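Those protein sequence lines, which keep their order, are chains A and B.
FYI, numbering that gives the first Met the number 0 numbers position 326 of the first sequence as 325, with every residue one higher than the one before it.
FYI, numbering that gives the first Met the number 0 numbers position 324 of the second sequence as 323, with every residue one higher than the one before it.
FYI, nobody ran anything at the bench for these hints, they're computed from the structure.
Just to be clear, a hint being listed does not mean it is correct.
[Said to hold, decoys possible] In silico DSS-like links for lysine-lysine, alpha-carbon gap of 30 angstroms or less:
hint: 1; chain 1: A; residue 1: K190; chain 2: B; residue 2: K126
hint: 2; chain 1: B; residue 1: K462; chain 2: A; residue 2: K154
hint: 3; chain 1: A; residue 1: K364; chain 2: B; residue 2: K408
hint: 4; chain 1: B; residue 1: K462; chain 2: A; residue 2: K45
hint: 5; chain 1: A; residue 1: K134; chain 2: B; residue 2: K408
hint: 6; chain 1: B; residue 1: K126; chain 2: A; residue 2: K154
hint: 7; chain 1: A; residue 1: K123; chain 2: B; residue 2: K359
hint: 8; chain 1: B; residue 1: K408; chain 2: A; residue 2: K93
hint: 9; chain 1: A; residue 1: K35; chain 2: A; residue 2: K45
hint: 10; chain 1: A; residue 1: K348; chain 2: A; residue 2: K435
hint: 11; chain 1: A; residue 1: K93; chain 2: A; residue 2: K35
hint: 12; chain 1: B; residue 1: K359; chain 2: A; residue 2: K93
hint: 13; chain 1: A; residue 1: K349; chain 2: B; residue 2: K280
hint: 14; chain 1: B; residue 1: K126; chain 2: A; residue 2: K348
hint: 15; chain 1: B; residue 1: K462; chain 2: A; residue 2: K190
Every value quoted in this text rests on a predicted model; they were computed, and no experiment measured them.
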Amino acid sequence: MNRIRLRASALLLFVWLLPFGSPARAVEIQDIMSPKGVHAWFVEDKTVPVLAIRFAFKGGAVQDPADKAGLINLMSGLLDEGAGTLESQAWQEKLDSLGADLSFAAGEDNISGAMKVLAENADKAAAMLALALQKPRFDQEPLNRVRDQIIVGIKAAERDPMTIAQKKFAVELYGRHPYARPIEGTPESLKTIGRADLQAAHSRLFARDNVKIGIVGAITKEQAAALIGKIFDALPAKAELRPVPPVRPHLGGLTTVHYTMPQTAINLVYPGVARKDKDYYAAYLLNYVLGGSGLTSRLFTEVREKRGLAYSVRSSLVNRDYSDSLVISTGTRAPSARQSLETIRTEVKKIAENGINEPELQQAKSYVIGAYAVQNMGSSGAIAATLVGLQEWDLPIDYIQKREAEINAVSLDEVNAVAKKLFTVEPAILMVGPIKD
Amino acid sequence: MLSRFKAEILFALFLLRRLVVLAAFAGGGAQAFAATQPVADGVAVTAQAGTEQQAGQSEEAAGQVLPAIAQSGNVYSFTLANGLQVVVLPNHRAPVVTNMIWYRAGSADEPRGHTGIAHFLEHLMFKGTRAYPAGEFSTLVARLGGEQNAFTSYDYTAYYEIIAPQYLKNMMIREADRMENLILTDEVIGPERQVIIEERRMRTDNDPAAMLAEEARATLFLNSPYHNPVIGWKQEMEQLNRDDALAFYGKYYTPNNAVAIIAGDVDPAGVRALAMETYGKVKQRAVMPERRRPQEPVSRTRREVAMRDGRVAEPSFQIYRLVPSYNNAKNKGEAEALDLLGEILGGGSQSRLYKNLVVKTGIAASVGSAYDGTAIDDGVFYLYGLPRGGAALADLQAAVEAEIAAIIKNGVSMQELEAARKRYMKDFVFSQDSPSGLAQLYGAALTTGMRVADVNNWPERLKSVKPADIKAVAARYLAPGTGVVSRLLPLHDAEKADNRRQKKAPGGKGTSPAQ
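Given the sequences, and given the hints that come with them, work out the whole structure.
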């Protein structure tokens, strides 16, 4: 009895699978503006009495001067170490007393920040954030301390084969481009950085025309605009970014790092597709079928499910401001490293030659459309981060509504053309483990 | 991340946690869950459910008795006739729901000599049933844009899907089905056993810090099954077979041993109707006895374990102390006091360890402490340190121990206690913001001996902790003499200076063309 009922509902499913719920239903994104014209995207959300603000200034480690690698990362690590008249300890105690979580992080392309606070303390916490962004002190004690912490972190990892390999691989791929340098710099470069360097970097990057902001929570649109003004309006109008050239990763080589350990890590780097490229969605769908998230990709099936060669195998489309790539990664028991690599390369070759099929494309579209809300709306912070991401990619405010149609418009021929273009190129390969010559 | 370095602290805690929670699949969602440090980290069993009120009514419907829905704050719960407990955590922000099914069975419930079977079974639960053959469930979740994974810890195993709410029933049907109808063949067992061994290599055998943590824990727990790693000892994993998996499945995978947590865009009465139709149809397969495991004897020694490895460049230490958990604390309020002690002593940049050893004397690059009290049996109090610059590891360890001694002798100030408490209260409110995080919090609590009311009352119980309670638990559980100290060290102590001159430390090889 039970089984018959279960089967019946399984069949029924295909009928009511067709109309998808729109992920946009619950979020109404509004474009708000501060008195000095700083824009932010805002979602009013009274689910919990919390306010989340996320923001990103363009220009991360790529803006480090060549002889001062690690400057931007160090600077972002010092933003919460004293500002205005408050020294580090006093500033942190005050923030703590307001019940706010605040963090900053430097990436390759941006400096991002996240604040979460009980809505009742939003004004006071915003004042603290404003101080940190506008008037960081960069005092000598926290400078020495945070710099030493970063140096210890670098040294602690300097004999780790994966860290060594990633550094070596980055140089192979990006040569003299800033992407070849580690975000945190080197012990040597960090020692040359002084307060003047930090102040210069701060005044170059933190400006009103250079920031994307998302704000979500239990406040009104007017309150949100006032908060944005309080935090960002005192910044200079224009940032001074150094030009950074685009770079194509140098493919075709094999990089190895030998270390006697039980598992070999393998990375393959193929060309990518830029976010603004007309083929972006085709590449996105292609990547999903090959090795995207979930338990059903071709690589997952062949490498893990059928052969038990690995616990983790996946491919990802990597989009950065100045370079794009498609990366496949896995870890496999050392004696099977060659078999795993060959299995992956065979799948890549198959997808280049024969493409994907229509059911796979439909399944991929269905996933990619449905996954938006699941992946991007898990909390107020996640929604705010999504709002920042959309603006960083220059997407329109109604993107979430339009996205579904854009994905549905991708044809099988387009996906397979992209497969041919990306995967007929020799990849760059990295292998770390007990590698024999 | 506050700065790169403060991220280290979180990472150290993540590492600790990572050994405790293993996911079925690597990937975004699994990591997100595994890395989530539940705010409350569990709560005690002492509180009464007096505040719970009846929101639903018992009615006769379609021959089944409607279970009454108990409400406590924004938490709704009821128990089906077959004993399955259901907890509903509504949150209507986005059209998303997290469906989790938690079994009160983890690695500490494994038969001796068969370590890793709880986690192996978790993997095998994706191998299909007659109604839904291998791949059907995952393919459906993927088609719907959902996320699916599972994870295993010492005291529980959990499965989840995150999905649009209109498909909740489809998820429940399948979870209910695989609760009793799993089919295992030797064809699927073989490759999947290789997968879990690969998982062990990736998480543990390839990583000196993880290998050390595994043995430190085995050294800390002398008699409790918490002694064994969740993933299992390799030589036992290699022997795990179909019979082991089915025996564990038959013993523990029964509705009266499970908790369903449904969080997100749903209403309690609607969930009840779906749960009765799906989970409600699963028959009880076993009677669940009380979870009694071998207990720790009185310990009289302090054990030290050390690992030297060529991949380690900077030395560090970790201290593990055996302490009561929220579930087994005999003295009321001890677990809450230990939680606050972990925060005051080493919980972040406002803690004593950070202020005194990172900022003031500057001998630590990273230092901290934390309490893990979400457990059926004993909990663990954990401290760690990484020296800065030229400071010696022994000096940093001595300084950390001096901070513990200072609390044992002089206690903590009311101001410190208030600040720590306020931070926890705030975290508790913030936890309401993420339905999937909240589901994780309640699931872990309810499978480690707590009830819904215990979680809800946690902030209240924190309020009754006094400075004297903190001093008392520090004196009772952190006095010198027992516990485990582990050290992660470079291959040779004296080698440090020399080796900096040799550039290619662990043997970089050249670049050659790809084949």
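To see whether the hints hold, each was checked on the structure:
For the proposed pair A:K190 and B:K126, the alpha carbon gap of about 55 angstroms is over 30 angstroms, so the pair is violated. Between B:K462 and A:K154 the alpha-carbon distance is near 43 angstroms, which puts this suggested pair outside the 30 angstroms criterion. For the given pair, A:K364 sits about 64 angstroms from B:K408 by alpha-carbon distance, which is inconsistent with the 30 angstroms threshold. Restraint check for B:K462 and A:K45: the C-alpha separation of about 27 angstroms stays at or below 30 angstroms, so the hint holds.
With a C-alpha separation of about 41 angstroms, the suggested pairing of A:K134 with B:K408 is violated against the 30 angstroms cut-off. Of the pairs offered as hints, the one joining B:K126 and A:K154 is violated, with about 44 angstroms between alpha carbons and a cut-off of 30 angstroms exceeded. Only pairs whose Cα atoms come within 30 angstroms are accepted, and A:K123 paired with B:K359 is accepted, the gap being roughly 28 angstroms. A threshold of 30 angstroms between alpha carbons decides the hint, and for B:K408 with A:K93 the separation of about 29 angstroms falls inside it, so the pair holds.
With a CA separation close to 27 angstroms, the supplied pair A:K35 and A:K45 stays within the 30 angstroms bound. For the suggested pair A:K348 and A:K435, the alpha carbons sit about 25 angstroms apart, so the restraint of at most 30 angstroms is met. A C-alpha spacing of about 28 angstroms is found between A:K93 and A:K35, which places the hinted pair at or below 30 angstroms, so the restraint holds. Proximity of B:K359 to A:K93 is assessed by CA-CA distance (about 19 angstroms); at most 30 angstroms being required, the pair is judged to hold.
The hinted pair formed by A:K349 and B:K280 fails the criterion: a straight-line CA distance of about 45 angstroms is larger than 30 angstroms. Proposed proximity of B:K126 and A:K348 is supported: the alpha carbons are some 28 angstroms apart, at most 30 angstroms. Distance check on the hinted pair: B:K462 and A:K190 sit about 46 angstroms apart at the alpha-carbon level, beyond 30 angstroms; violated.
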